[in-house]
Amino acid sequence: MKLSIEFLGGCEQLFGGVSRLLDHDTPLEDGATIRHLLAYLRDHHMRARPDLFLDVGSAVSGATTLPAPGASTEDVDQQLSVRPGIIVLINNADWELFGMEDYRLQEADRVTFISTLHGG
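So the sequence shown is residues 1177 to 1296, counted in our numbering.
It should be emphasised that the hints constitute simulated quantities derived from the structure, not laboratory data.
Because the structure is a prediction, the values reported are computed rather than measured.
The calculated label-pair distances, taken between Cβ atoms and stated as ranges, are: (1) Glu1272 to Asp1201: 26 to 32 Å; (2) Lys1178 to Gly1261: 26 to 32 Å; (3) Glu1188 to Asp1219: 17 to 23 Å; (4) Leu1184 to Asp1227: 16 to 22 Å; (5) Asp1227 to Ile1263: 17 to 23 Å; (6) Leu1198 to Asp1270: 19 to 25 Å.
Here a beta-carbon is modelled for each residue, glycine too, at the ideal position from N, C-alpha and C.
The whole structure should be built from the sequences, with the hints applied where relevant.
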(Lines of atoms letter the chains of each structure in order from A and count residues from 1; the text may use other names and numbers.)
(Lines give C-alpha, C1' and ligand atoms only; values in the text may rest on other atoms or scores of the structure.)
Protein backbone atom coordinates (compact mmCIF):
# COMPACT_ATOMS: atom_id res chain seq x y z
CA MET A 1 0.00 0.00 0.00
CA LYS A 2 1.41 3.40 -0.96
CA LEU A 3 1.08 6.12 1.67
CA SER A 4 2.50 9.59 2.17
CA ILE A 5 3.77 9.99 5.72
CA GLU A 6 4.96 13.26 7.28
CA PHE A 7 6.80 13.93 10.55
CA LEU A 8 6.65 17.58 11.68
CA GLY A 9 7.17 19.77 14.74
CA GLY A 10 10.17 17.78 15.93
CA CYS A 11 8.88 14.26 15.19
CA GLU A 12 11.35 14.08 12.31
CA GLN A 13 14.18 13.98 14.87
CA LEU A 14 12.98 10.53 15.93
CA PHE A 15 13.07 9.32 12.33
CA GLY A 16 16.65 10.23 11.51
CA GLY A 17 15.76 13.73 10.32
CA VAL A 18 13.37 12.44 7.66
CA SER A 19 10.33 14.68 7.47
CA ARG A 20 8.48 13.12 4.54
CA LEU A 21 7.99 9.69 3.00
CA LEU A 22 6.01 10.62 -0.11
CA ASP A 23 4.27 7.86 -2.08
CA HIS A 24 6.05 5.42 0.22
CA ASP A 25 5.47 1.80 -0.70
CA THR A 26 4.72 0.00 2.58
CA PRO A 27 4.20 -3.73 3.13
CA LEU A 28 0.81 -2.96 4.71
CA GLU A 29 -2.12 -4.82 3.19
CA ASP A 30 -5.77 -3.94 2.67
CA GLY A 31 -7.48 -3.64 6.05
CA ALA A 32 -4.37 -2.31 7.80
CA THR A 33 -5.06 0.28 10.49
CA ILE A 34 -3.11 3.19 11.92
CA ARG A 35 -1.89 0.74 14.61
CA HIS A 36 -0.31 -1.39 11.87
CA LEU A 37 1.33 1.74 10.46
CA LEU A 38 2.69 2.67 13.90
CA ALA A 39 4.21 -0.80 14.33
CA TYR A 40 5.72 -0.60 10.83
CA LEU A 41 7.20 2.84 11.49
CA ARG A 42 8.58 1.68 14.85
CA ASP A 43 10.22 -1.41 13.38
CA HIS A 44 11.54 0.04 10.11
CA HIS A 45 11.94 3.81 10.29
CA MET A 46 12.26 5.01 13.90
CA ARG A 47 15.86 5.85 14.75
CA ALA A 48 15.61 7.19 18.31
CA ARG A 49 13.50 7.33 21.45
CA PRO A 50 10.29 5.46 20.57
CA ASP A 51 9.01 6.37 24.04
CA LEU A 52 8.72 10.01 22.88
CA PHE A 53 6.46 9.04 19.97
CA LEU A 54 4.64 5.82 20.84
CA ASP A 55 2.53 4.75 23.77
CA VAL A 56 1.36 1.28 24.72
CA GLY A 57 -2.06 1.14 26.36
CA SER A 58 -2.30 -0.54 29.73
CA ALA A 59 -5.26 -2.75 28.90
CA VAL A 60 -3.15 -5.83 28.14
CA SER A 61 -0.48 -6.05 30.80
CA GLY A 62 -0.52 -2.85 32.78
CA ALA A 63 2.83 -1.92 31.22
CA THR A 64 3.37 1.40 29.55
CA THR A 65 6.91 0.78 28.32
CA LEU A 66 7.64 -0.14 24.74
CA PRO A 67 9.16 -3.46 23.76
CA ALA A 68 12.43 -3.47 21.83
CA PRO A 69 12.06 -3.08 18.05
CA GLY A 70 11.30 -6.43 16.46
CA ALA A 71 10.25 -7.94 19.80
CA SER A 72 6.62 -6.87 19.76
CA THR A 73 3.69 -9.19 20.26
CA GLU A 74 0.31 -8.95 18.56
CA ASP A 75 -1.25 -8.03 21.92
CA VAL A 76 1.14 -5.13 22.44
CA ASP A 77 0.76 -3.95 18.84
CA GLN A 78 -3.01 -3.87 19.31
CA GLN A 79 -2.46 -1.33 22.09
CA LEU A 80 -0.07 0.95 20.16
CA SER A 81 -0.93 4.61 19.94
CA VAL A 82 0.92 7.90 19.81
CA ARG A 83 1.92 9.72 22.98
CA PRO A 84 -0.15 12.64 24.21
CA GLY A 85 1.19 15.75 22.52
CA ILE A 86 1.38 14.18 19.05
CA ILE A 87 -1.30 15.38 16.64
CA VAL A 88 -2.24 12.91 13.92
CA LEU A 89 -3.87 14.04 10.71
CA ILE A 90 -5.34 11.76 8.07
CA ASN A 91 -5.61 13.54 4.73
CA ASN A 92 -5.27 16.86 6.60
CA ALA A 93 -8.13 16.15 9.04
CA ASP A 94 -7.92 15.22 12.74
CA TRP A 95 -7.75 11.45 13.15
CA GLU A 96 -10.42 11.61 15.86
CA LEU A 97 -12.94 12.13 13.04
CA PHE A 98 -11.94 8.77 11.54
CA GLY A 99 -11.64 6.47 14.57
CA MET A 100 -8.06 7.22 15.60
CA GLU A 101 -5.90 4.05 15.80
CA ASP A 102 -8.65 1.89 14.30
CA TYR A 103 -8.90 3.87 11.05
CA ARG A 104 -8.44 1.53 8.09
CA LEU A 105 -5.83 2.98 5.80
CA GLN A 106 -6.61 3.51 2.14
CA GLU A 107 -4.25 3.59 -0.83
CA ALA A 108 -2.65 7.06 -1.21
CA ASP A 109 -3.68 8.30 2.26
CA ARG A 110 -1.54 11.09 3.73
CA VAL A 111 -0.78 10.56 7.42
CA THR A 112 0.87 13.44 9.27
CA PHE A 113 2.38 13.33 12.77
CA ILE A 114 2.99 16.70 14.45
CA SER A 115 4.61 17.12 17.86
CA THR A 116 3.15 19.89 19.99
CA LEU A 117 5.91 19.51 22.60
CA HIS A 118 8.65 22.08 22.17
CA GLY A 119 11.47 23.21 24.40
CA GLY A 120 11.95 26.82 25.26
